[in-house]
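**Q** Each residue of the sequence shown is one higher than the one before, counting from 1 in full-length UniProt numbering.
FYI, nobody ran anything at the bench for these hints, they're computed from the structure.
Don't take every hint at face value.
When the alpha-carbon atoms are kept at most 25 Å apart in a straight line, the in silico SDA-like pairs for lysine to any residue are as follows [unchecked claim]:
1. Lys-135 with Tyr-112
2. Lys-79 with Ser-38
3. Lys-39 with Leu-92
4. Lys-64 with Asp-97
5. Lys-135 with Arg-165
6. Lys-64 with Arg-53
7. Lys-135 with Gln-147
8. Lys-63 with Ala-89
Restraint ranges, calculated between C-beta atoms of paired labels, are given here [unchecked claim]:
9. Arg-27 with Asn-215: 37 to 45 Å
10. Phe-90 with Gln-148: 15 to 23 Å
11. Ile-142 with Arg-41: 17 to 25 Å
12. Arg-27 with Ser-109: 44 to 52 Å
13. Leu-174 with Pro-144: 51 to 59 Å
14. Ser-150 with Ala-207: 16 to 24 Å
15. Asp-121 with Thr-36: 16 to 24 Å
16. Ser-38 with Pro-151: 58 to 66 Å
17. Lys-39 with Gln-148: 58 to 66 Å
18. Trp-98 with Arg-145: 32 to 40 Å
19. Arg-154 with Ser-214: 17 to 25 Å
20. Thr-106 with Ala-211: 41 to 49 Å
21. His-216 with Asp-82: 27 to 35 Å
22. Asn-215 with Lys-185: 43 to 51 Å
Only a predicted model underlies this, so the values are computations on that prediction, with no experimental measurement involved.
Glycine included, C-beta positions come from ideal geometry on N, C-alpha and C.
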Amino acid sequence: MSHFQPPVNATSLSLQQIAQNVKATLRVAGPDQDGTPSKMRPIDIARTTQMSRTTIRPLLETKKAGPDRRAPNLETVQKMADAIGIPVAFLLMTPSDWRALVAAVTAYSANYAAARQIVGDSMGEVSMAVRVLEKNQVHPDIPPRGQQPSPEQRKTMDEQNEVRRRTTLSLGALSLMAAGGSSEKVAQMLALAASLGSALTNQHAAAVAAAKNSNHA
1 MSHFQPPVNA TSLSLQQIAQ NVKATLRVAG PDQDGTPSKM RPIDIARTTQ
51 MSRTTIRPLL ETKKAGPDRR APNLETVQKM ADAIGIPVAF LLMTPSDWRA
101 LVAAVTAYSA NYAAARQIVG DSMGEVSMAV RVLEKNQVHP DIPPRGQQPS
151 PEQRKTMDEQ NEVRRRTTLS LGALSLMAAG GSSEKVAQML ALAASLGSAL
201 TNQHAAAVAA AKNSNHA
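Taking the hints into account, I'd like the entire structure generated from these sequences.
**A** This is how it looks when you write it as C-alpha cells:
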C-alpha cells in the first residue's frame, strides 16, 4: 500500500523537540513573582516528581540527539508534564503540529456543521469523520474538470487521499472515545478529527513535495 514517508529522521528530531518544549515551559512554569513568570528549576522538578536529576537531564538536552543519547521513557515525560501542569501530548508536539492545530481550528466550524447533519441523533461511527470531509468537498482530491493528470500526478493524488483517509479515521477512533453517550459530542469529535486529519495531510504532502524538489535540485 502506498503511503507518504517522513522526509526527516523522526527519532532524533523528536528527542530534541521534547527537550526544547520542556525548556520553553520551564522558563515560565515557576511561582508568580509580582505578576512576572519565573523559572521552574531542575531541583524543583526533582522534588515534585521524585525523579533523580540524572533521569531528568535527558529532557533538558536540546542539542541534536547523537547515537549514544539516552532517550527518556514515556513515564518520565508524563511526570514532567504533570509537574508543569499540562497534558503530556503538548510536550510531544512539534511546531508543525501546532500549525496544523491552528489550521484545524480554522476549519472546525464548517466541519462541525457537516458533522451535525451527518450524525443527526445517532451515536455516530468513525467512518463519519471521512464523510464530513467528503460533504465539504475536501476529500478526495480529484483533478480539475477537463484536465487529465499524468501518471505521477495521479499517483501523488491517490497517495494523499489514502493518507488523509487513514489519518482522519485514526484521529476519529481516538477522539470518539471522549464522546460518551452524546450525539452532540460525537459531532464535535468527528469535526475535530476531520479538521486535524485534513490539516496534517496537507502538511505531510507539503513536506514530501519539498523533499522531492530537494532531491531533484
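**Q** Each hint needs a verdict: does it hold in this structure or not?
**A** Here is how each hint holds up against the structure:
1. Between Lys-135 and Tyr-112 the alpha-carbon distance is near 11 Å, which keeps this suggested pair within the 25 Å criterion.
2. Using a Cα cut-off of 25 Å, the hinted pair Lys-79 and Ser-38 holds, with the two alpha carbons roughly 20 Å apart.
3. Proposed proximity of Lys-39 and Leu-92 is supported: the alpha carbons are some 20 Å apart, at most 25 Å.
4. For the suggested pair Lys-64 and Asp-97, the alpha carbons sit about 19 Å apart, so the restraint of at most 25 Å is met.
5. Taking the CA atoms of Lys-135 and Arg-165, the gap is near 14 Å; set against the 25 Å cutoff, the hint holds.
6. Between the alpha carbons of Lys-64 and Arg-53 the distance comes to roughly 20 Å, so the proposed pair stays at or under 25 Å and holds.
7. Among the hinted pairs, Lys-135 with Gln-147 is consistent with the structure: their alpha-carbon atoms are about 23 Å apart, no more than 25 Å.
8. With a CA separation close to 21 Å, the supplied pair Lys-63 and Ala-89 stays within the 25 Å bound.
9. The hinted range of 37 to 45 Å is satisfied by Arg-27 and Asn-215, whose Cβ atoms lie roughly 38 Å apart.
10. The hint said 15 to 23 Å for the Cβ distance between Phe-90 and Gln-148, and at roughly 45 Å that hint is violated.
11. Hint check: Ile-142 to Arg-41, Cβ distance near 55 Å, so the stated range 17 to 25 Å is violated.
12. Taking 44 to 52 Å as the suggested C-beta distance range, the pair Arg-27 and Ser-109 does not conform, at roughly 34 Å.
13. At roughly 34 Å, the beta-carbon separation of Leu-174 and Pro-144 lies outside the given 51 to 59 Å, and the hint is violated.
14. Roughly 21 Å separates the CB atoms of Ser-150 and Ala-207, a value that falls within the hinted 16 to 24 Å.
15. About 51 Å separates the C-beta atoms of Asp-121 and Thr-36, a value inconsistent with the hinted range of 16 to 24 Å.
16. Judged by the Cβ atoms, the range 58 to 66 Å given for Ser-38 and Pro-151 holds: they are separated by roughly 59 Å.
17. Judged by the Cβ atoms, the range 58 to 66 Å given for Lys-39 and Gln-148 holds: they are separated by roughly 60 Å.
18. Checked against the given bound of 32 to 40 Å, the beta carbons of Trp-98 and Arg-145, roughly 36 Å apart, stay inside it.
19. A beta carbon spacing of about 23 Å between Arg-154 and Ser-214 agrees with the range 17 to 25 Å that was offered as a hint.
20. At roughly 26 Å, the beta-carbon separation of Thr-106 and Ala-211 lies outside the given 41 to 49 Å, and the hint is violated.
21. Evaluation of the 27 to 35 Å hint for His-216 and Asp-82 yields a failure: the beta carbon distance comes to about 46 Å.
22. For the pair Asn-215 and Lys-185, the beta carbons lie near 45 Å from each other, so the given range of 43 to 51 Å is met.
In terms of the numbered hints stated before, the structure departs from hints 10, 11, 12, 13, 15, 20 and 21, listed from lowest to highest.
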